[in-house]
Amino acid sequence: MMQRIWPAAAVLISFGCAAAAGPAPDDVAWDGSAVDASLTGTPGDPENGAAVMSSRADGNCVACHVVSSLSADFQGNVGPSLDGVGDRWSEAELRGIVIDAKHTFDGTVMPSFYKTGPYIRPGDAFTGKAADGPLPPLLNASQVEDVVAYLVTLKE
Amino acid sequence: MKRRMGLVAIAALLAGSAFADPVEGVDLVINGDETLVIRAPAPPAVSDIFDEVYSGWLYRDEATRAMEEDDFDNPGMVFVDQALDTWAAEDGSEGKSCASCHQGIESMAGVRAGMPKMNAAGDDLWSLENFINNCRTNRMGAEAWGWNSPEMLNMTAAISLQSRGLPVAVETDGPAHDWWEKGKEIYYTRYGQLELSCANCHEQNNGRYIRSDHLSQGQLSGFPVYRLKNAGLVSIHNRFKGCIRDTRAETYKEGSPEFRALELYVASRGAGLDVEGVGVRH
Chain C
1 MMQRIWPAAA VLISFGCAAA AGPAPDDVAW DGSAVDASLT GTPGDPENGA AVMSSRADGN
61 CVACHVVSSL SADFQGNVGP SLDGVGDRWS EAELRGIVID AKHTFDGTVM PSFYKTGPYI
121 RPGDAFTGKA ADGPLPPLLN ASQVEDVVAY LVTLKE
Chain E
157 MKRRMGLVAI AALLAGSAFA DPVEGVDLVI NGDETLVIRA PAPPAVSDIF DEVYSGWLYR
217 DEATRAMEED DFDNPGMVFV DQALDTWAAE DGSEGKSCAS CHQGIESMAG VRAGMPKMNA
277 AGDDLWSLEN FINNCRTNRM GAEAWGWNSP EMLNMTAAIS LQSRGLPVAV ETDGPAHDWW
337 EKGKEIYYTR YGQLELSCAN CHEQNNGRYI RSDHLSQGQL SGFPVYRLKN AGLVSIHNRF
397 KGCIRDTRAE TYKEGSPEFR ALELYVASRG AGLDVEGVGV RH
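Each protein sequence line maps, in turn, to chains C and E. Residue numbers are given in the numbering used here: position 21 of the first sequence equals residue 21, and the series is strictly consecutive. All you need for the numbering used here is the position in the second sequence, starting with 1, plus 156.
Isolated chain C (complex conformation) (with noise of 0.2 Å):
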């Protein structure tokens, strides 16, 4: 009986995996340095995307960029500043950023948040140690949308 439940548990839960995380990293359908299509296929969570960006845990946008709109404190400046970015870029544009910001600016500082690797020396976050095999990307696919989805209402 054991054994029969094992496998089909074992189904289910790949399937549920594959039905939210969309593309995988490396199977993300660039349009030059845009990704059109929503990781997830249905629209990101503005209000989680703003929780995303100020959280230290996770993307902590405001590390290096200012965002007016958010009340997260010490927002950094290594960036430019936020403010504007969806009149500045399309949601096309901002998703591609978001993904990997290395396909819009060559050797930009900025982290690339939905890749794998590969990574020179990559640690298990923020220990020092090494990595416990691969590295899931920094965001998750939901993450992402919710992210692009506060981006675009950033308007002057």
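Treat the hints loosely; a few may be bogus.
[Unchecked claim] Below are the SDA-like pairs computed for lysine to any residue, each with C-alpha atoms no more than 25 Å apart in a straight line: (1) Lys-385/E / Asn-77/C; (2) Lys-409/E / Leu-135/C; (3) Lys-129/C / Lys-385/E; (4) Lys-409/E / Ala-131/C; (5) Lys-115/C / Gln-360/E; (6) Lys-129/C / Arg-346/E; (7) Lys-385/E / Pro-25/C; (8) Lys-102/C / Asp-36/C; (9) Lys-102/C / Pro-25/C; (10) Lys-385/E / Asp-124/C; (11) Lys-102/C / Tyr-343/E.
Simulated from the structure, these hints should not be mistaken for laboratory data.
With chain C held as given, fit chain E onto it using these hints.
Just chain E now, kept in the frame of chain C:
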């Protein structure tokens, strides 16, 4: 049109032109009478990148800067005092103290300014910690100190203080040159899941902020420093480790060949800045 201008502005920001805003119009004067060189013409290692090099002291807030200006307020000095006791204390099977061979610790003047350097055998690049442990194990018959042990941190602080006011001047030619090249390669390698190199922050973006962290040029002249965040002394290699950890990378170990090479290269980027003895940082 508007979008074009945005693109140009962003491209300019990302181009990595050196942009520095260390505090201006202040000097580091210790105890009201000893002025340290904290701005220096860019040495050869960075003459094509910077006009000037700056001590990390210039990137800290006023309260932190003030702590370093008076040895009574500098929390690192208590550890120097502890090291002076250790300097005179016999340890190990040979019945020797540091003072047995070196007399007063003033004899260490200039040592820190030239670190790291090739060992006497000429076959390895040693940090100050390696030289100290060589004395302990080979001359004193004592046990080596751990790189981050209180004894080692205290002693490196006390020895550094003897070079206070002397310019950083490391040997990068001859047998040290391969080490220097290796260190340079490490400096520009984008480590970890965040793919960040030393240069991404400390060369391209010094003067800017990552959240509340004010990025400096990453100079070593204040090390070992009293770091408020750690409430204790921090070695050069420990700070390297923290930076690489923060790129979500697997770090190198304190004392590793990689960090000794990096120490030489980074020191050469700050040649001409005065050794501060014990700096105070956030």
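Q.
Can you confirm whether the C-alpha distance between Lys-385/E and Pro-25/C stays at or below 25 Å?
A. violated (37 Å)
Q) Holds or violated: are the alpha carbons of Lys-115/C and Gln-360/E at most 25 Å from each other? A) Within the cut-off at roughly 24 Å; holds.
Q: Sort out whether Asp-124/C lies within 25 Å of Lys-385/E, counting only the CA atoms.
A: Answer holds: Lys-385/E to Asp-124/C is near 23 Å, not above 25 Å.
Q: Take the C-alpha atoms of Lys-409/E and Ala-131/C, compute the straight-line distance between them, and say whether it is at most 25 Å.
A: Since the Cα atoms of Lys-409/E and Ala-131/C sit roughly 16 Å apart, the hinted pair holds (cutoff 25 Å).
Q: For the pair we were handed, Lys-102/C and Tyr-343/E, check the Cα-Cα distance against 25 Å.
A: holds (20 Å)
**Q.** Hinted pair Lys-102/C and Pro-25/C, Cα distance within 25 Å
**A.** holds (14 Å)
Q. Can the restraint linking Lys-385/E and Asn-77/C be considered satisfied, given a maximum Cα separation of 25 Å?
A. Distance of about 22 Å is within 25 Å: holds.
Q) Is the straight-line distance between the alpha-carbon of Lys-129/C and that of Arg-346/E 25 Å or less? A) OK: Lys-129/C and Arg-346/E at ~17 Å, within 25 Å.
Q: Starting from Lys-102/C, check that the Cα of Asp-36/C is at most 25 Å away, please.
A: Cα-Cα ~17 Å, so holds.
Q.
Tell me if the straight-line CA distance from Lys-129/C to Lys-385/E falls inside 25 Å.
A. holds (22 Å)
(Q) Check whether the Cα positions of Lys-409/E and Leu-135/C lie no farther apart than 25 Å. (A) Since the Cα atoms of Lys-409/E and Leu-135/C sit roughly 22 Å apart, the hinted pair holds (cutoff 25 Å).
Consistency with the previously given hints fails for number 7 only.
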